[in-house]
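Those protein sequence lines, which keep their order, are chains R, E and U.
The first sequence: position 94 = 94 (the numbering used here), numbered continuously.
The second sequence: position 687 = 981 (the numbering used here), numbered continuously.
The third sequence: position 73 = 1129 (the numbering used here), numbered continuously.
Possibly wrong hints are sitting among the right ones.
In silico SDA-like cross-links for lysine to any residue, where the CA-CA straight-line distance does not exceed 25 Å [said to hold, decoys possible]: (1) R:268 / E:918; (2) R:268 / E:927; (3) E:862 / E:892; (4) E:302 / U:1152; (5) E:925 / R:273; (6) E:356 / U:1073; (7) R:53 / U:1152; (8) E:925 / R:44; (9) E:356 / R:248; (10) R:268 / E:1051; (11) R:268 / E:975; (12) R:53 / U:1073; (13) E:356 / R:44; (14) E:925 / R:43; (15) E:925 / R:248; (16) R:268 / E:356.
Covered stretches of chain R (in silico footprint by chain U; criterion: 3 or more residues with CB under 8 Å from a CB of chain U, positions within the stretch not fixed) [as the list claims (entries may be wrong)]: (17) 11 to 23; (18) 101 to 108; (19) 281 to 291.
Partial selection, computed: residues in chain R whose CB lies under 10 Å from chain E [unchecked claim]: (20) 41; (21) 44; (22) 45; (23) 63; (24) 87; (25) 175; (26) 187; (27) 255; (28) 260; (29) 262; (30) 263; (31) 270; (32) 274; (33) 276.
Hint data in this document are derived by calculation from the structure and do not stem from the laboratory.
Beta carbons: idealized from backbone N, C-alpha and C, even for Gly.
These are the residues of each chain, in order.
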Amino acid sequence: MQDVTYRRPATVQEASQLLKDNGPTARVLAGGTDIIVMARERRRDTSMFVDVKAIPELNQLSFSASEGLTVGAAVPCYRIYRDETVSRLYPCLVDSTSLIGGTAIQGRASLGGNLCNSGPAGDSIPSMIVLEGEAHIFGPNGWRTVKVEDFCTAPGRNVLDAGELLVSIKFPAPRPGSGARFLRFIPRNEMDIAVVNSATNLTLDGNTVTHARIAIGAVAPRPLFVPAAGEALVGRPLTDETTAAAATASRDAATPIDDMRGSVRQRKHLSYVLTERTIRDAARRARGEIVSHV
Amino acid sequence: MVSTEKPKYRVVGTRPVRPDGTDKVTGRAQYGADLRLPGMLYARVKRSPHAHALIKHIDTSKALALPGVRAVITNKDFPVAEDKIADLGEGAANIKWLLDNVMASDRVLYKGHAVAAVAANDLHTAEDALALIEVEYEPLPAVLNVRDAMLDSSPRLHDNLRTEELTGLFTPPLGAGDKVSNVAKHLLLTKGDLEAGFAAADIVLEREFETTMAHQGYIEPHNATAFWNKDGELTVWTSTQGSFAVRDQVSMLLQLPVSKVKVVPMEIGGGFGGKIPVYLDPPAAVLSRVTGQPVKMWMTREEVFEGTGPTSGTASRVKIGVKRDGTITAMEAHYAYEAGAYPGSPMAAGVMCATAPYDVENVLVEGWDVVVNKPKVAAYRAPGAYQAEFAVESVLDELAQQLEMDAVDFRLKNAAKEGTRRVDGAVFGPVGNIQVLEAIKNSPHYKSELSGEHRGRGVAIGFWFNVGFESSAYASVNPDGRISLVIGSADIGGTRATIAMQLAETLGIPYEDVHPQVVDTDSIGFTGVTGGSRTAFAGGWAAYECAMDIRRQMVARAAQIWETDADKVAYDADGVIRGPEGKQFTFKELAAQLPHTGGQIQGRADVSPMTAGPAFAGHIADVEVDPDTGKVTVLRYTAIQDVGTAVHPSYVEGQIQGGAAQGIGMALSEEYFYDGNGVMRNASLLDYRIPTTLDLPMIETILVEVPNPGHPYGVRGVGEVPIVPPQATISNAIADAIGVRPRNLPATPRVLLEELLPPEKP
Amino acid sequence: MSSRVIINTTINGEPMEFLVDERDSLLEALRERIGLTGSKEGCNNGNCGACAVIMDGRLVNSCCVMAAEVQGANITTVEGLATGGELTPLQDAFLEDAALQCGICTPGFLVASKALLDFNPNPSEYEIRYWLAGNLCRCTGYDKIIRAVQHAATQMRA
């Protein structure tokens, strides 16, 4: 671990000031499961941890029919998947949060951290994209919002400017008749980085798709929202053919690399397979079926 | 449990709790990294970023100038090592190579190769100082696999390495070749007439295989703490499989008399063969000499992967001929083993195991020990055997399919048994190969139906020699009738218990009355490593002889008390000493008499069995393959093994389950993944995928007990052979499930998917 | 030399005050500053679970927590499982069922299993495997660990 100082601000204003005053090597510390490891292994230059867990807004987890769901950026995974309302209305977030790391990682890791870490394979980001998540950011110039699909810009990079911090992610109340599903492919059955991951959020009227959002991860420099995949479904009945068309759109959108976790061909193929599978599961959830998160 | 006739034991075969158990479930057990000494410094190692480079210059001045830094050392701070072969008792080695692997002198041969070490007042400062050590390299082209390394055009790793020609393990080498080469050794073993054998065959099948380097993956990183006092006496506290092995290596590399080095074995968090070589002990010692203070070191996980010895990756070719009736007429197998940066792969062991389970007239096996720019390999549980037997068992499986014969019947028809002469010339005594194969056939698993799409079942068998070697035991009879037992074997998974049980059995006293302790190298006679499946075998034998020594003395003392002749006194199996006229002492009664009838009694023994009971195992796996992703799920797994006598059946089962799990890992997910520059891209427990709880089913075990006649309690080693069958078992099951036979392991989803997808358009 | 901070926290039920380096992880503080070496370093990056502790009721890897963060927290380590010299049913089950070989992963497994049984006293085999997937063991193949947790759960419900 390089030499660091530790600060624990109580307000977003104070946190923003610390980040601004100390420059890009001052890092927000929420769950720490990535940032502490990166600092220890000296993979990311870090001079200060700004621990945001004492700030009330970052710990908020609340739902109302009008406002939808607010998830504070530092809320750890276990609070999310153990929350009764989230489990009922946003099972797709349970899919993601219950498979990030193991139990001990889920005790700390947060959606906000996963998003700000901006890894192409981040396992909560496709879910947040398809659930129409909006990132609420506070900075020297006050508040602004950015759609989750626009938040990440490149591996490890995002839209946050100097002095800005992610405060919360807000999701609209689910549409009636909608269902969403996240899946990832890993060689083991836990404790792995996605070779490919995917999320689908569908709204059905009978068997007709009235609204669809599909995202894939680990196949591009950032998690990808794939509008063409959703468009292949909207206004059409959900059939093997339309599902295949959407899955093909995902595969076409994928521009993966070869690395130790997967090959280009494998990732293109898995983009198709996982999109197909998340569509099927999302439709089952839209119809009120229980689809276990595992 | 399947048992042939065996004697009734009172303690052997029971399942008591281990004496070190409470400390290990309460966090009190002291592993090497847990040690704290007054004035202790912390040290870290600087490592090469290059896979192959000359070291031009090392500048330590900036690091030394950092406040809190106490010493920086390089290879120059060690005694000059002679560039010559030394006989180390358990194999010969070039001392310069051994020292260079601990800390490079003139060139680095793998990414992660140690080049310097720094000691500081605290860990953070030691780490900070690493970046301030400046090393100037001249990078050289790296050689990353055996096929490339064996080419004449390949860059050479060592200027003085020439191929040694061997025709047997115990025959002198025919001499070294005249060309500088990356091939350190070539071994050729033959038997019968290969050409005639293949000519007599109805089917001949020839296949090629590859396996990658894989790591033992013990959860505890290497550690060492050293204190070199002003009198020139060095104490090393370390987590090791062999405290005497550390003592001997340290004394050799530091050119100290062995009597000046004391090694204190701390608890050890897994080894599997990988904690026999020294890495940190010598630099910790030198840093202590320079600073005059105790120095503690431990590795990061990345250092464990990159800087310690995994097992060899291999490339192989196997050809087998059979008659229609299933008789194998000829077997031919060729293996190239990666040694890593310095010679010394387990090639010879692999070559000797390859065809050992089969009684075949005409055999040729051949191997090459090849240096490459990767970490120097170390032993890993039945080293060399699984790579070799995987290839043979895969070809046999394919042949059984072609013959339309049951895979077990086919093996039974050709199985080696008592009296079979192996290709290396050894003749089997009583072994359990046939019994294991029959137990597979009779197992509930093998008899069960497997249904469902993309599901398949595989079986394979495995063989491993096991070793004997030297072990000591020392025991004091206390006046309360309890025994203080002192041993030198590292306890990695129940050693204290299994050795104490054999002592208790021999004395006819309760297991609870034996208090075993693992002590340092000054406090017990020489004891070989906990490895080679030897500890319960040889350590137990030493305990037996030690107990017999006590029995003799107890009988003599009873005779003295009763004023009779010793030959009129008997020590019975129930631990009662009986004399004439119905006189008798229980063990406790006589123990209480000892202090005032001539003094207390101690037993001691040092045994050195040169043979051990060979081990056979057979495994069954059911798998399901997802045809859309290439991912394999192990649905059911059964491991069957001839264990001789199960001293502590739960611990025997544990060895079998653990070995199977490691083998399954190598079959499906574990690999050293290198980029073109020789950088391991997955040097973490995230990306080097050892199986998690969710990746394995319960592992059923069936213990076959064919007592080893070469041991007082029929014990044979059990620890290693269970890692031998899994690679072929899983691979054969995959072939059964989807018709695609993995020949390159691990069979990761990436690899299998490539086989399952239609060929890519050009 | 980086700066030092005083930490006030409760460890295994005892209020404690100690000095840490600002860049110490909780694991480093436990092991090197306080001498509670039961929590083990296996990977130091959150992938093996050998350093698991319970912090304010939730399971965390102490290598991924900064020592400075635990100001005012309540922490349970493996040393705090047995109270008054009595082993807990989990510890007994690990011993009786031979759920450990080398023992280096055992503290993490025990702490994680305690957190599981506190949360779910009657877990299925799958739930146990899922919960413990972040704890690596290289010796046992997990079989006997899973059975020991099942055994302890049964004992504790009785």
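Comparing the hints with the structure gives:
Straight-line distance between C-alpha atoms of residue 268 of chain R and residue 918 of chain E comes to about 23 Å, which keeps the hinted pair within the 25 Å bound. A C-alpha spacing of about 22 Å is found between residue 268 of chain R and residue 927 of chain E, which places the hinted pair at or below 25 Å, so the restraint holds. For a cut-off of 25 Å, the pair hint linking residue 862 of chain E to residue 892 of chain E stands: about 20 Å separates their Cα positions. A C-alpha spacing of about 23 Å is found between residue 302 of chain E and residue 1152 of chain U, which places the hinted pair at or below 25 Å, so the restraint holds.
Proposed proximity of residue 925 of chain E and residue 273 of chain R is supported: the alpha carbons are some 13 Å apart, at most 25 Å. Between residue 356 of chain E and residue 1073 of chain U the alpha-carbon distance is near 36 Å, which puts this suggested pair outside the 25 Å criterion. The suggested pairing of residue 53 of chain R with residue 1152 of chain U is violated, with an alpha-carbon distance near 42 Å, which exceeds 25 Å. For the suggested pair residue 925 of chain E and residue 44 of chain R, the alpha carbons sit about 34 Å apart, so the restraint of at most 25 Å is broken.
Using a Cα cut-off of 25 Å, the hinted pair residue 356 of chain E and residue 248 of chain R is violated, with the two alpha carbons roughly 57 Å apart. Distance check on the hinted pair: residue 268 of chain R and residue 1051 of chain E sit about 12 Å apart at the alpha-carbon level, within 25 Å; holds. Between residue 268 of chain R and residue 975 of chain E the alpha-carbon distance is near 22 Å, which keeps this suggested pair within the 25 Å criterion. As the CA atoms of residue 53 of chain R and residue 1073 of chain U are separated by approximately 22 Å, the hinted pair is consistent with the 25 Å bound.
The suggested pairing of residue 356 of chain E with residue 44 of chain R holds, with an alpha-carbon distance near 23 Å, which does not exceed 25 Å. For the given pair, residue 925 of chain E sits about 32 Å from residue 43 of chain R by alpha-carbon distance, which is inconsistent with the 25 Å threshold. Only pairs whose Cα atoms come within 25 Å are accepted, and residue 925 of chain E paired with residue 248 of chain R is accepted, the gap being roughly 21 Å. The straight-line distance between the Cα atoms of residue 268 of chain R and residue 356 of chain E is roughly 49 Å, outside the 25 Å bound, and the hint therefore fails.
Under the rule that three or more residues need a Cβ within less than 8 Å of chain U, the assignment of the segment 11 to 23 of chain R is violated, with 0 such residues. For the segment 101 to 108 of chain R, the stated coverage by chain U holds: 7 residues have a C-beta nearer than 8 Å to a C-beta of that chain, and at least 3 were required. Residues of the segment 281 to 291 of chain R with a Cβ under 8 Å from some Cβ of chain U number 0, which does not satisfy the need for three, so the listed coverage is violated. This hint holds: residue 41 of chain R has a C-beta 8 Å from the nearest C-beta of chain E, less than the 10 Å allowed.
Hint status for residue 44 of chain R relative to chain E: violated, with the closest Cβ pair at about 15 Å, above 10 Å. Taking 10 Å as the C-beta contact cut-off toward chain E, the hint placing residue 45 of chain R at the interface is violated, the least distance being around 12 Å. Given hint, residue 63 of chain R at the interface with chain E, is violated; its Cβ is 31 Å from that chain's nearest Cβ, farther than 10 Å. A cut of 10 Å between beta carbons decides the hint on residue 87 of chain R: the least distance to chain E is about 21 Å, and the hint is violated.
Annotation: interface hint on residue 175 of chain R violated; nearest CB of chain E at approximately 30 Å, more than 10 Å. Taking 10 Å as the C-beta cut-off, the interface hint given for residue 187 of chain R holds, the closest approach to chain E being about 5 Å. Interface hint status for residue 255 of chain R: violated, as the beta-carbon distance to the closest one in chain E is roughly 17 Å, over 10 Å. At its closest, the beta carbon of residue 260 of chain R sits 4 Å from a beta carbon of chain E; the interface hint therefore holds under the 10 Å criterion.
With a least beta-carbon distance of about 6 Å to chain E, the hint placing residue 262 of chain R at the interface is held under the 10 Å criterion. Look at residue 263 of chain R: its Cβ gets to within about 6 Å of chain E, closer than 10 Å, so that hint holds up. The beta carbon of residue 270 of chain R comes within 7 Å of a beta carbon in chain E, closer than 10 Å, and the hint placing it at the interface holds. For residue 274 of chain R, the shortest C-beta to C-beta distance to chain E is roughly 9 Å, which falls under 10 Å, so the interface hint holds.
Among the interface hints, the one on residue 276 of chain R holds; its C-beta lies about 9 Å from the nearest C-beta in chain E, closer than the 10 Å criterion.
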